[in-house]
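For reference, the chains in residue letters:
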Amino acid sequence: MSETSPELTVSLWRGAQQGRYVAYKVPMRASQTVLDVVTFVQRHLDPTLAYRFACRVGVCGSCAMTVNGRPRWTCRTHVSKVSKGGRIEIGPLENLPVIKDLATDMRPFFEKWQQAEGSFVPSKTRHDPIETIAPGSAARMAADAAIECINCGVCYAACDTVRWDASYLGPAALNRAWSLVNDQRDAGGAVRLRAIAGSGGCQLCHSHQSCQEYCPQSLNPTRSIAGLKRRATRAYLSGELKA
Amino acid sequence: MSLPLYLWQRLTAAVMAPLVLVHVAVIFYASRKGLSAGDILGRTRGSLMWASFYGAFVAAAALHAAIGVRNVLIEWSPLGEGRAGMFSTLFGLLLLVLGLRAVAAVVLP
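Keeping their order, the protein sequence lines are chains A and B. FYI, in the numbering used here the residues of the first sequence are 1 to 243. FYI, in the numbering used here the residues of the second sequence are 1001 to 1109.
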């Protein structure tokens, strides 16, 4: 943020899939976030602006947008870090259909999460004793490294492979699958393995690593996907996938 | 890309890695020793070793490139999987025929 300039010029995407950027003047404030800027426009300049947010503190993952060409959580992005000469361009997340303005339709993202069998399948009942998992075991540590995803869609928006191939499950769904593959309590392994090794599966990843570069949680979905590739390869060669 | 194609592409890459190194070494050797075309043909003609070496190289390259081209077409062109598969199969066959023809030219007595 330039301290001498009292105003920020903000270009916001207006429209749906087809639309244009519209510029607004927003007063600069100390410690202002990009979400503050969008909220200011909606409350004071144009109440028809559509955008999505909930917690404002980087917990819910609903306020992700494209800020100066890069997918980010707007609530955790300070204007001072991203404005260029007092200007910011804010658009909807890429690789997802735009509903209106800055709000995208997240259904394809979550549908792929389901296609990748991202739900935990219990192997025991409530009557069984709680399973003991060694915190230092390799599987637990691998699951741990992937588990903090809050499904904000930043990695999905940043992924070139998602952009090029609509069938690709994407980094978030595959990262989730990897955490379950390493969960010794889970009983959905065989079905999940077929899902992540099938059409649109982990083998489509080019390892460009945009997901880990942009992940606000500093997760590394590329590493998770590499783990899935190894696991899928072993399963294919051993005939596990044919069963 | 299906998992079998993914694995074939990795496998052919693994096969080609040492073959490329030997191929480059052969080029350096031949040029530094000043071997003539006749010298080279004298060593390759009738050689089962060079026929196997470059035959394997050509087969691996044709398969590897065809799978790669198929992926590029699926991701970057409006062709669907079916047409991309057809085009890349033809491309792979072309590479195979041209490559084997070149191998035959230097190894057949």
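Calculated directly from the structure, the hints in this document are not laboratory data. Any given hint could turn out to be false.
[Unchecked claim] Just some of the chain A residues that point at chain B, by a computed CB distance under 10 Å:
hint, residue
1, G201
2, C202
3, E213
4, G239
5, L241
[Stated by the list, open to error] Label-pair distances were calculated between CB atoms; the ranges are:
hint, chain 1, residue 1, chain 2, residue 2, range
6, A, Q114, B, L1011, 30 to 36 Å
7, B, P1004, A, A226, 15 to 21 Å
8, A, A226, B, V1022, 26 to 32 Å
9, A, S31, B, V1072, 44 to 50 Å
[Stated by the list, open to error] Beyond 12 Å from chain A on every Cβ pair, some chain B residues (computed):
hint, residue
10, L1007
11, P1018
12, L1019
Positions of the beta carbon are idealized from the N, C-alpha and C atoms, including for glycine.
Evaluated hints:
no., hint, result
1, G201, "holds, 7 Å"
2, C202, "holds, 9 Å"
3, E213, "violated, 20 Å"
4, G239, "violated, 13 Å"
5, L241, "holds, 7 Å"
6, Q114(A) to L1011(B): 30 to 36 Å, "holds, 32 Å"
7, P1004(B) to A226(A): 15 to 21 Å, "holds, 19 Å"
8, A226(A) to V1022(B): 26 to 32 Å, "holds, 29 Å"
9, S31(A) to V1072(B): 44 to 50 Å, "holds, 46 Å"
10, L1007, "violated, 6 Å"
11, P1018, "holds, 21 Å"
12, L1019, "holds, 22 Å"
Checked against the numbered hints listed earlier, the structure breaks hints 3, 4, 10; every other hint is satisfied.
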